[in-house]
Each structure stands twice: as structure tokens, then as C-alpha cells.
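Chains as they are written, first to last, in my numbering: chain A, 1 to 568; chain B, 1 to 541.
Keep in mind the hints are simulated off the structure, nothing from the lab. Source: prediction; values computed, not measured. One or more hints might be untrue.
[As the list claims (entries may be wrong)] In silico lysine-lysine, DSS-like type, Cα no more than 30 Å apart, as pairs:
| # | chain 1 | residue 1 | chain 2 | residue 2 |
| --- | --- | --- | --- | --- |
| 1 | B | Lys140 | A | Lys506 |
| 2 | A | Lys492 | B | Lys474 |
| 3 | A | Lys312 | A | Lys286 |
[What the hints assert, rightly or not] According to the in silico footprint, chain B covers these stretches of chain A (three or more CB under 8 Å from chain B):
| # | segment |
| --- | --- |
| 4 | 226-238 |
| 5 | 474-487 |
The C-beta atom is built at its ideal place from N, Cα and C for all residues, glycine as well.
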Amino acid sequence: MLAEQKLQSFKNIIQEASRDEIIWMSGFLAAFSEKNVVAVAPTEIEIATATEKLVVSVLYGTETGNSKKIASKLASVLKSKQHKITIKSLDQYNSENLAKENLVFIIMSTHGDGESPAAAQKFYDYLHTKKHDFTHLKYAVLALGDSSYPLFCKAGEDVNAKLLEYGAKQILPLEKSDLDIYGVSEAWIKDVISNLPTAANALQKPQQKKTAKNGKRFYKGVVNTHINLNDKGSAKETFHIEIGTDEAVYYLPGDALGIVPPNADEEVNEIISLLPVLEAGTFNYKNEIFSLFDLFKYKLNILHLPLRIIEKYAKLIQSELPLVRVDLKNILSLYPLTGNVSLRDIISILEPIAPRLYSISSSPYAHGNNEIHITVGHNKFSVNNTNKYGFCSNHFAGLHNGDEVTFYISENERFHLPDSAKDIIMIGPGTGIAPFRSFIFHRDDEGATGRNWLFFGDQHFHSDFLYQSELLSFFDTGSLTKLNTAFSRDQKEKLYVQHRMKQQSKELFNWIENGAHIYICGCKNTMAKDVEAALIDIIINEAGIDEQSAFEYLSKLEEEGRYAKDVY
Amino acid sequence: MNEPDIQLNDSASNLGIPRHSWRGKEGEESSMEKVKKQSNALRGTLKESLLDEHTGAIREDDRALIKFHGMYMQDDRDRREERAAKKLEHLYSFMIRLRLPGGLLTSQQWLALHEVSEQYASPVIKITTRQTIQLHGVLKHNIKPTIKEFDTVKLDSIAACGDVNRNVTVSAHPRFSPIYEEVFSYADKLSKLLLPKTNAYYEIWLDKEKISAEQEKDELYQDRYFPRKFKIAIAIPPYNDVDVFTNDVGIIAIIENNKLIGFNVSAGGGMGMTHGNAATYPRLASMLGFVNKDELLKVVYAIATTQRDFGDRSDRKLARLKYTVDRLGVDVFKNEVETRSGIQFTNAKNYELNIRHDEYGWHQNYEGLFYYTAFVETGRIRDDENVQYKKAFYAIAKTGNAQFRFTCNQNIIIGDILPEHKNEIENILLQYGIIQVTKNASPVRRNAVACVAFNTCPLALAEAQRYLPSLIDKIEIILNNYNLNNEELSIRMTGCPNGCGRSVAAEIGFVGTAYGKYNMHIGGDAAGKRLNKIYKENIEE
Ligand code: SRM
Ligand SMILES: Cc1cc2nc3c(=O)[nH]c(=O)nc-3n(C[C@H](O)[C@H](O)[C@H](O)COP(=O)(O)OP(=O)(O)OC[C@H]3O[C@@H](n4cnc5c(N)ncnc54)[C@H](O)[C@@H]3O)c2cc1C
Ligand SMILES: Cc1cc2nc3c(=O)[nH]c(=O)nc-3n(C[C@H](O)[C@H](O)[C@H](O)COP(=O)(O)O)c2cc1C
Ligand code: SF4
């Protein structure tokens with residue numbers, strides 16, 4: 001079945017692998033093919049060879065790598081048809097050229113709460129900030145998403161709509177794919193090929209659609225360890241949680257654990273008491289049957305409702321109400337439902353509980369496949385001077401040994417480890433340490449020859465140095481080559497990881513020039529930005545180039561998969 | 001600057017026998033000896049250790065070297081398990097001990113000490129059994145700020161620990177006569193005479209420039225320092241609050257018709273022993289004889305060099321002067337000292353040492369100055385609900401009208417107060433409950449001494465300062481029943497047999513053997529001229 005030389009290299013791998021590794025690999029492949037991840041199972045699509053050569057741009061906006069894979073696949077198929085292809089990540093694409101293009105394919109995902117991937121933000125804004133004329137442009141959009149989020153494929157939808165609005169011609173209607181991407185993407189590529197604006201395709205009808213399953217695989221686990229890593233006197237609580245599973249869980253360092261946290265019983269009961277009496281016994285929600293209680297406990301988001309729902313609610317009860325985000329129970333008690341509103345009406349305006357992700361901090365090598373660790377920061381905030389906690393992190397904070405956890409694995413292609421001979425630079429303050437704990441354990445276990453350099457930071461050295469004793473022993477044994485820390489509040493002037501990086505400017509740049517891979521994980525809004533700015537400075541100073549070239553230098557690293565961020 | 005103004009003879013021995021055969025145990029030098037030699041005059045890698053971001057500890061060898069700078073790396077032993085579970089390293093911090101010959105602080109120095117203790121350390125100021133103070137819980141990044149603060153008021157911690165001469169103690173009692181003045185000046189001279197000559201302290205902690213590229217020459221310490229710690233005390237009869245005979249060099253001021261004529265010098269005292277190591281034992285210093293005032297420095301210097309050259313450098317447990325003296329024999333030792341110093345001892349003069357406890361309350365000296373000796377239980381200066389030492393001493397220091405002197409019984413004397421300021425000071429002492437506490441404490445309590453032990457002392461086997469007060473509550477009841485509660489009985493407790501609280505020189509001594517367990521020693525005398533004997537082993541309350 002495999003081509004001769006493929007077969008050979010496969011055999012080589014097997015021969016070199018230890019027994020455990022083979023068991024792990026087999027499980028890993030099994031899991032992969034089960035989930036039909038784009039990565040594996042390439043297939044050949046036979047298409048009528050086109051007569052004319054087209055000039056085509058394939059653009060992708062990705063966060064975790066799926067869109068990129070599909071884009072490359074499409075590009076290679078088009079190339080094989082001798083069309084002239086340029087393939088670009090949307091952040092590398094000069095939007096001004098769009099109007100001049102004649103054929104563009106866009107594959108992009110949705111992240112955050114219905115937002116476009118960071119890399120597609122510029123492009124997204126370009127379309128949304130001013131009017132354009134795209135009358136010469138032909139295009140098709142494939143939107144990737146996850147139907148368990150409230151706003152399924154929203155970013156892709158918006159982009160598709162804008163292009164239409166500005167006069168571009170769809171050669172295919174918007175295609176949305178849920179997590180089970182493979183089937184849809186392959187069908188979509190077929191459609192694209194057979195609908196290319198070529199004589200050959202002049203008369204082709206679009207094929208009938210193929211809809212994806214959500215395709216998530218849920219695991220059940222039990223909390224085996226639950227520790228607050230912060231010491232007395234800390235302003236923070238960070239929980240190290242170890243979850244044991246009977247069935248093997250397959251993931252790679254860099255992947256995240258996903259969970260849809262359940263609502264608290266008392267909240268649910270309070271809400272039910274405020275709802276109109278139940279007509280029928282059960283509810284069908286996304287083709288699943290639920291009791292009213294379970295529906296509200298496990299499926300519907302009842303907290304901090306987005307404004308779009310407040311608006312719908314106002315319509316429903318036909319009255320004015322202040323546009324502020326509140327919990328469902330508040331709105332139900334302050335602005336009670338009117339008689340004419342049915343239970344189903346109100347359920348229909350509610351959205352699913354959005355999944356939360358936590359970078360996995362264990363390594364399948366070091367900890368096996370029946371144990372998975374996460375590092376959860378208790379998310380604190382105050383609403384008019386009363387302290388509140390984030391929904392999911394508070395759920396984790398309240399767990400005890402023996403409690404059950406249902407979760408799934410969210411892969412992150414772009415945040416996996418490189419070849420074990422490569423050096424890596426890890427920048428992960430706060431809970432950003434999580435994936436790097438996994439990286440270091442993993443590389444220690446496989447005896448990787450590449451060097452490992454970690455930058456960690458938090459508020460106070462004595463109370464907030466997450467995983468300190470583990471890191472120190474890796475440092476002593478050399479598995480951690482360099483360890484730099486910045487504790488912001490132990491001295492008058494604030495000190496952060498980016499300051500440490502600048503102090504190490506020369507050596508840091510040497511590592512990069514040496515082929516090191518750079519990873520950033522943690523807080524998106526402040527840390528990630530400052531660290532990236534520091535990197536740019538370092539490149540400017542050490543390479544002696546101007547800012548523009550420094551940005552190019554960095555995005556080249558990103559292209560090569562040597563610079564990756566996992567920020568939130 | 002530390003050179004004595006006299007010509008010292010530091011030359012070889014007249015014993016006619018090659019030195020090495022005077023070694024105690026044959027065998028190579030202890031690893032500590034290498035650390036000292038390779039330390040580049042006590043610099044080691046201390047500067048680098050301070051820069052290690054990832055740990056609150058310092059590097060292995062530096063942990064030994066930092067003692068010579070007056071500091072010990074410690075960790076909070078109460079928190080070990082809890083922190084380990086949180087995947088955090090031990091809660092490391094540093095204890096800083098001041099070099100304070102004669103134990104005197106001016107008001108201005110007190111204010112600085114107070115500030116430092118509040119800002120950089122665990123706020124308790126601990127009066128030690130050697131007449132100085134210690135601060136605990138100084139985090140690595142606070143060491144330099146702390147030392148800098150002290151430096152601004154001319155305080156330092158040089159050689160407060162390590163294999164060097166330690167803090168020189170002197171009878172602390174109110175200066176009844178001008179002689180006290182004079183004797184205290186000898187403590188200063190001795191302390192200076194025996195200071196290491198290295199500039200390391202100033203470079204590392206005070207960021208001073210390196211004076212010269214090559215290592216400082218140190219006649220006395222060379223690159224090996226002493227084989228072990230070295231302690232000097234001066235007693236002014238009739239007081240023996242310094243426990244003169246428990247020191248390596250025990251000096252007794254000899255006063256004839258109100259003039260200081262010279263000193264009786266004894267050598268080879270020490271308290272430490274190790275459970276289960278018969279070769280180790282506590283020992284009182286042996287009397288060598290009398291020397292004139294102007295001969296004291298030379299003689300002590302000769303004792304020091306003799307110990308440097310003959311002390312055991314292979315086994316640190318047998319390295320103190322007391323073992324050297326026993327190994328050589330007192331006469332041979334004395335002879336060597338006489339040769340080196342070119343001074344002959346004459347027979348020791350008569351002296352009376354019969355008071356070891358502190359003279360609490362108010363006293364007035366020959367100049368009419370006032371002194372108040374306050375009781376500080378186990379030497380811990382802090383504030384609690386019934387007495388506020390820190391507030392009081394801070395307020396007194398603010399007036400600038402008094403000085404502070406520590407005693408080897410872990411108490412404090414507020415002194416040099418002009419008659420017109422007495423009321424002001426007295427009111428402060430009353431306001432914060434100090435006079436009350438001092439008055440009301442029973443004699444057993446007032447005379448009790450306890451070492452630090454848990455939670456900071458790494459060698460502690462049992463509690464001491466945290467436990468003794470509650471034990472005394474119970475003992476008081478018993479003494480009451482036998483109407484013994486007015487006896488000036490001395491009870492001392494140490495958390496291990498090292499004897500920091502000099503428990504084997506007490507009338508009743510408790511020596512920790514394991515958590516909650518103590519050996520009970522009895523039979524010591526009130527003046528500290530006789531050691532006690534073990535009476536019961538491993539007793540619990
Ligand atoms: C603070 C103090 C006890 C107190 O509560 O006052 C003290 C505290 C310690 N002593 Fe001491 N010794 C203290 C007076 C003594 C005395 C009493 C004296 O000198 O009059 C002795 C007995 C006399 C002697 O030296 O023989 C004493 C004999 C020891 C020994 C045993 C030495 C020996 O050669 O046998 C050790 C252990 C060692 O040196 O290896 C020791 C070691 C220690 C250490 C530094 C533990 C260590 O080595 O890590 C203790 C620090 C505890 C802490 O957390 O503060 N300490 N130590 C005293 C400080 C004196 C000063 O200001 O310099
Ligand atoms: C790829 C990825 C990896 C991640 N890895 C980790 C990790 O390793 N460790 C980790 O701790 N986190 C991680 N996160 C973040 C994590 O997924 C959650 O976002 C985080 O735990 C907060 O979720 P929550 O449900 O506790 O808070 P939420 O309830 O979602 O609240 C989040 C914020 O919304 C606001 N808010 C919520 N409710 C209210 C209200 N009633 N009134 C006003 N404001 C309100 C507050 O600002 C609050 O901070 C990761 C995220 C991603 C995307
Ligand atoms: C943090 C996060 C938030 C997400 N939010 C949404 C969302 O709001 N709507 C949606 O349809 N999909 C959402 N998804 C699912 C992704 O779009 C989906 O995993 C997609 O396959 C990722 O493609 P990419 O690898 O090209 O980024 C989210 C995924 C993550 C990790
Ligand atoms: S006697 Fe022992 S326990 Fe007490 S302070 Fe000295 S070394 Fe520590």
C-alpha cells in the first residue's frame with residue numbers, strides 16, 4: 001500500500017523506536033485516523049485537466065494550522081494543473097492587491113468569540129473599515145470552525161459577505177466546516193477545481209454539499225492531584241491538576257485540553273424557577289435529547305450574556321432594557337418574561353457554553369497516555385467592587401481528588417516541538433509555563449540533543465515561581481540549558497521577561513541565528529505584544545538592520561514554523 | 001589599619017618536633033580547608049550567587065564563605081513540606097549577625113537597626129549569647145540593601161561568623177568605675193587585631209572598587225584562616241556574665257586599688273559536643289597566667305597563631321582550641337605561646353567571679369549617669385500584647401538621650417542617661433510595659449537562657465527559645481510549692497549539644513536530643529566555674 005521508499009522510512013522509524021514508543025505511535029496513528037485529522041490520509045483527486053493556465057492566489061488565516069494545511073493542499077492540486085499559484089498567510093498578504101486579483105481562494109478559521117485569527121485581523125479590518133470595488137474578482141471562501149462555539153465560522157462568514165457586498169463573484173457559495181474537517185475540505189477542493197473559471201468547467205454544476213460532523217472526541221477522566229502552586233501571601237492561585245483516564249489519551253506537547261464547564265446546580269434551579277412551566281418533558285438540542293435541567297446545566301451559557309442576546313431578549317419581551325452584559329438569572333428576575341413568550345422561544349435565543357482550553361502541561365513520554373496535567377490560573381476580577389471568578393477556572397478551582405472531568409484534545413499543529421536536535425527558546429510567564437513544562441519533560445525523556453532556554457516570570461519570586469523545584473532539577477541536570485526569570489513586584493521598578501530577554505540580547509540572537517525555534521505562551525494583550533516588541537528590538541540591534549527588515553526577519557521565522565505564539 | 005601597633009613575633013615553634021606530628025587525626029584536610037584556600041580572600045563566587053535569578057539560595061561553597069561575612073544561609077524549617085508539595089524550593093533566607101565588640105549601639109545606630117529589621121528582615125531583633133544581635137529572614141535580594149543600611153551608621157558584620165575571631169564579649173554591667181571604659185577599649189583592640197585583612201566585604205556588599213589586583217596579604221590568617229571558630233571574652237570581676245571560661249580565650253581584668261593592672265589569661269574553653277561522639281566534649285578554659293596590660297594583645301595574638309598552626313584541620317569536630325590544648329598539654333601550649341609572644345606568664349592573680357546574672361533595674365555610675373537593665377525573654381526584641389520592646393527602644397532612640405548595650409544573658413541595658421533625662425526614659429519604659437515585665441519576672445525566668453533552635457537553625461534537634469518560656473511557667477509552679485521561687489537559679493536550654501545557650505555551664509541545663517526530647521544536666525555552679533553533669537537522658541515534659 002505504501003510507496004517503496006515511504007515504506008522503507010516507516011520501517012526505519014519502527015526499528016529505531018522503543019517498545020513504548022511503538023505502542024505510543026500506534027495509538028497516536030489510531031487516534032489520528034479516527035479523527036480523520038487533515039494531517040494524515042492524503043488522497044488523490046482526479047480532475048479534468050484544465051486548458052488555460054489561471055493566475056490564482058490561495059490565502060489562509062490560521063491559528064492552529066488547519067487552514068494552512070488545506071490551503072497548501074489546494075495549492076498543490078492547482079499547481080499540478082499547471083496553474084500559476086501564490087499561497088500566502090493573510091498577514092503576509094498586501095490587501096491593496098485584492099482589487100487587482102482575478103481569482104482568490106480564502107481558507108480561514110474563527111477564534112476567540114467569533115473573531116478572526118490574529119494573522120487574518122489586518123485583512124478582516126481592511127474589508128470592514130472602508131468600501132472597495134472588487135467587481136473583477138472571483139473567489140470562494142472555506143470557513144473553519146467548531147459548532148460548539150456560539151458563533152460558528154463567524155469570521156469566514158463576514159469575509160465572504162463583504163466580498164459579495166463589494167461586487168466580487170463567488171465561484172462557490174461559502175463553505176463552512178466543523179471540526180471534522182477532512183471530508184468537507186476534500187469535497188470543497190474538488191468543487192473548486194471543477195468550478196474553476198475555465199472553458200472545461202463552463203457548464204459544471206456545483207456538487208451537492210457534504211456537511212461535517214463536529215467530530216470532537218470526548219474523554220472521561222478523574223482528578224488525581226489538585227494543588228495550588230502559589231505560596232502564602234501570593235495574590236494569585238494557580239492550580240496544578242492531574243487527570244487520570246482509563247482509556248489512553250493521545251496528544252502532543254503543545255496541544256490543549258478542551259472542556260465545556262457545567263453550570264452550577266443552584267444557578268440552574270434558580271433559572272428554572274423563573275421560567276414558564278415546561279410543556280413537553282424533554283428538549284431536542286442540536287439533535288440530542290435533554291431534560292430541562294440538563295439542558296441548562298450542560299449546554300446553555302447562562303453567564304455574562306453577550307449583548308447580542310440581551311438585544312434578542314429585549315425584542316422577545318418587547319421592552320427597552322439597558323445594554324449591559326448580565327447573567328441570565330438577573331435579566332429573568334429584573335425583566336420577567338411576558339406571558340406570550342414560550343420556553344422554546346427563550347431557549348432559542350440562548351447560546352451554547354463556549355469551550356475553554358488549557359495548554360497541557362504533561363508529556364505523553366514522561367507521564368504516559370493515561371495521565372494529563374493542566375495548569376489553571378484562578379481567573380479573578382471585580383464587578384462594581386465585588387470579587388468574581390471566571391466560570392471555568394472557578395470550576396477547576398473547586399474540584400477535588402476523585403471528581404470527574406470530561407474533556408477533549410484540541411491540537412495545535414503550529415505549537416508542536418521541532419526535531420529533537422533543534423534548540424528551542426520558550427517564553428512563558430504565568431500560566432504560559434504550562435506547555436513548556438510539557439516540552440521540557442518531553443525533551444528530557446527523549447534525551448533530545450537540542451538546547452532548551454526558558455524565560456519565566458510572575459509577581460513574586462518566593463510565592464509565584466510555578467514548578468520551581470522541577471525546573472531547578474532540570475536546570476541542574478542540564479535538560480534546561482538556560483533559565484531566566486523576572487519577578488515584577490520584588491523591586492521598586494517593574495521587571496518583566498522582555499527585560500531579561502534584552503539583557504540576553506546577544507546570546508538570544510545567536511541562538512536564533514543558530515536555527516532555534518521561538519515559542520511564546522501566555523497573556524495575549526500585554527505580555528505577547530511586549531515580548532514581540534523586545535524580539536524586534538533585539539533583531540534590530542544584533543543584526544544591525546532597520547525595523548522593517550526586522551519585522552520581515554521575524555515573519556520569515558514564522559513562515560518557517562520557527563516562531564509560534566499560543567496566547568490567550 | 002587592623003595591624004596592631006606592636007611588633008608581633010609570629011615565628012616558628014621551639015618545640016623541636018616537626019609540626020605535622022602534632023596533628024590530631026592523620027588524614028587529609030577537611031573540604032572546608034580547600035574552600036577557604038580557593039576563596040580568593042573570601043570572595044568565592046558570592047557576586048555570581050547573588051545574580052542567580054532562579055533560586056533564593058547561594059552556591060555550595062559560598063554558603064560556607066558567607067559566614068566569614070557574618071551571614072548564614074538558612075531556610076524556614078516549618079515550611080519545608082508545604083513548599084515541597086507546591087513544587088517550590090525551600091524558603092531560603094539569610095541570618096545576619098553584627099560584629100559588635102562589647103555590644104554597644106548608639107541611638108542613631110538603633111534607629112537604623114530598627115528600620116532594617118522592619119524593612120528587610122523578620123521583625124524580631126534577636127539578642128545573642130555573645131552580646132550582639134541577629135536578624136533573620138533576610139531574602140537574598142535584600143542582603144545588599146541591609147548591609148548598606150548598616151554601613152551608613154558604621155555597623156558591619158565582618159567576621160561575626162566563620163573560622164575567625166568572633167565577637168569579643170565584655171562584662172556588660174553598668175560602668176561603676178572608669179575602669180570599664182578602659183576594659184571595653186581592649187575588646188575593640190582585640191577585635192580589630194584579629195580581623196581578616198580582605199577587602200571582599202566592601203567589594204561584594206557595598207560595591208566598593210577592588211583596591212588592588214592581587215590578593216591582600218594577611219599575616220595572621222594567610223589563606224587558611226583558623227581551623228575553626230575562635231572566641232574571646234573579658235570578664236570584669238565580680239561579674240562573669242560573659243561565661244569567661246567557656247571561651248577559647250577567657251580574659252579576666254585584674255583591678256588593684258581601682259586601677260586596671262593587667263589580665264589573667266585562660267585558654268581552651270568551649271561548650272560544643274556531639275551526641276554519640278565520645279571524642280567531643282565541653283571544656284572550661286585552662287588558666288595560663290597573668291600578663292600586664294600592654295602585653296595582652298601580643299599574648300592573644302600568639303594564642304591565635306598557635307591555634308592556626310597546630311589546630312586540627314582534618315576533623316572539624318576536633319578543631320577547636322580546646323582540643324589543641326588537650327592534645328599539646330597545657331604546659332607545652334603555654335610554652336609555645338610564650339615563645340611566640342616573647343612574654344612570660346606570671347602566676348594568675350586572685351580574682352572573685354561570683355555573679356553571672358544581670359543586675360536588673362536602675363543603677364547609677366561613678367559619673368552619675370543612669371542605667372536600666374531590662375529583661376528580654378530569650379533575647380527576642382519584639383512587640384506583643386503585654387510588652388512592646390521595639391516600640392519602646394525606638395522611642396528611646398528617637399530621644400537620642402541613651403545608648404544600648406547587650407548582655408551575654410540576652411538582655412539589654414539602656415544606659416549613659418543624664419539625670420535630667422531619666423524620667424523621660426523611665427516613662428517610655430513604663431508606657432510599653434518593660435519595667436513591669438522586668439519587675440514581675442521570677443528569678444528563674446529572668447536568669448533563663450535559650451538558644452534560637454527552630455525554625456531557623458539547621459542544626460536544631462529540638463525547640464529552645466520557642467519552648468522554654470512555657471516550660472518555665474510549669475517550673476515556677478513547682479518551685480512555688482517548695483518556696484524556692486526567690487532562688488537565682490539558672491536554667492538554660494539548647495536545641496542541640498552545640499551549646500549556644502551554654503546549657504552545660506548552667507545549674508540546670510536542657511540539651512535537645514530529638515524533637516520534644518532533652519538531656520537534663522544538673523550540678524553546675526552559679527558563677528560558671530564548674531560544668532554540670534548529665535542527670536537524665538531523653539526526657540520529655
Ligand atoms: C545566636 C546564637 C544562640 C543565641 O540564641 O544567642 C547561636 C546560634 C547558632 N550557633 Fe552557636 N550561637 C550562639 C552562641 C554560641 C555559643 C555561646 C558562646 O559563644 O558564648 C556556643 C558555645 C561556645 C562554643 O563556641 O563552644 C556556640 C556553639 C556553636 C556550635 C558548636 C561549636 C563547637 O565547636 O562545638 C555550633 C555548630 C558549629 O559551629 O559547627 C554553632 C552554630 C550556630 C548556628 C550558626 C547554626 C549553624 O551553624 O548553622 C546557630 C544559628 C541559629 C539561628 O538561626 O540564629 N554554635 N554558639 C549565639 C550567637 C553568638 C554570637 O553572637 O556570635
Ligand atoms: C489556546 C489556549 C490555551 C490556554 N491555556 C491556558 C492555561 O494553560 N492556563 C490557564 O489558566 N488558562 C489558559 N487559557 C485561558 C482559558 O481558556 C480561559 O480563558 C480562562 O481560564 C478564563 O476562563 P473562565 O471561564 O475562568 O473565565 P470567564 O468566565 O470566561 O471570564 C473571562 C473574563 O470575562 C470577563 N467576565 C466574565 N464574567 C463576567 C461578569 N459577570 N462580569 C464582568 N466581566 C466578566 C472577565 O474579565 C473575566 O476575566 C488558554 C486559552 C487558550 C485559547
Ligand atoms: C480559542 C479558540 C476559540 C475558538 N472560537 C471559535 C468560534 O468562536 N467559532 C468557531 O466556529 N470556531 C471557534 N474555534 C474553533 C476553530 O476555528 C477550529 O478549531 C479551526 O479548525 C481552527 O483552524 P485553524 O487551525 O486554521 O486556526 C475556536 C478555537 C479555539 C482554539
Ligand atoms: S544550640 Fe544547636 S539548636 Fe541551638 S542555636 Fe546552637 S546550633 Fe542551633
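Original post:
For the segment 226-238 of chain A, do at least 3 residues have a Cβ located nearer than 8 Å to some Cβ of chain B?
Top reply: holds (count 5)
**OP:** With a C-beta cutoff of 8 Å, work out whether three or more residues of the segment 474-487 of chain A approach chain B closely enough for the coverage to hold.
**Re:** holds (count 5)
Original post:
Taking only the CA atoms, is the gap from B/Lys140 to A/Lys506 under or equal to 30 Å?
Top reply: 27 Å, holds
Subject >> Distance restraint between A/Lys492 and B/Lys474, which requires alpha-carbon spacing of 30 Å or less >> reply: 49 Å, violated
Original post:
Within a Cα-Cα threshold of 30 Å, do A/Lys312 and A/Lys286 meet the stated pairing?
Top reply: Measuring from Cα to Cα gives roughly 20 Å; hence the hint holds.
Taken one by one, the earlier hints fail for this structure only at number 2.
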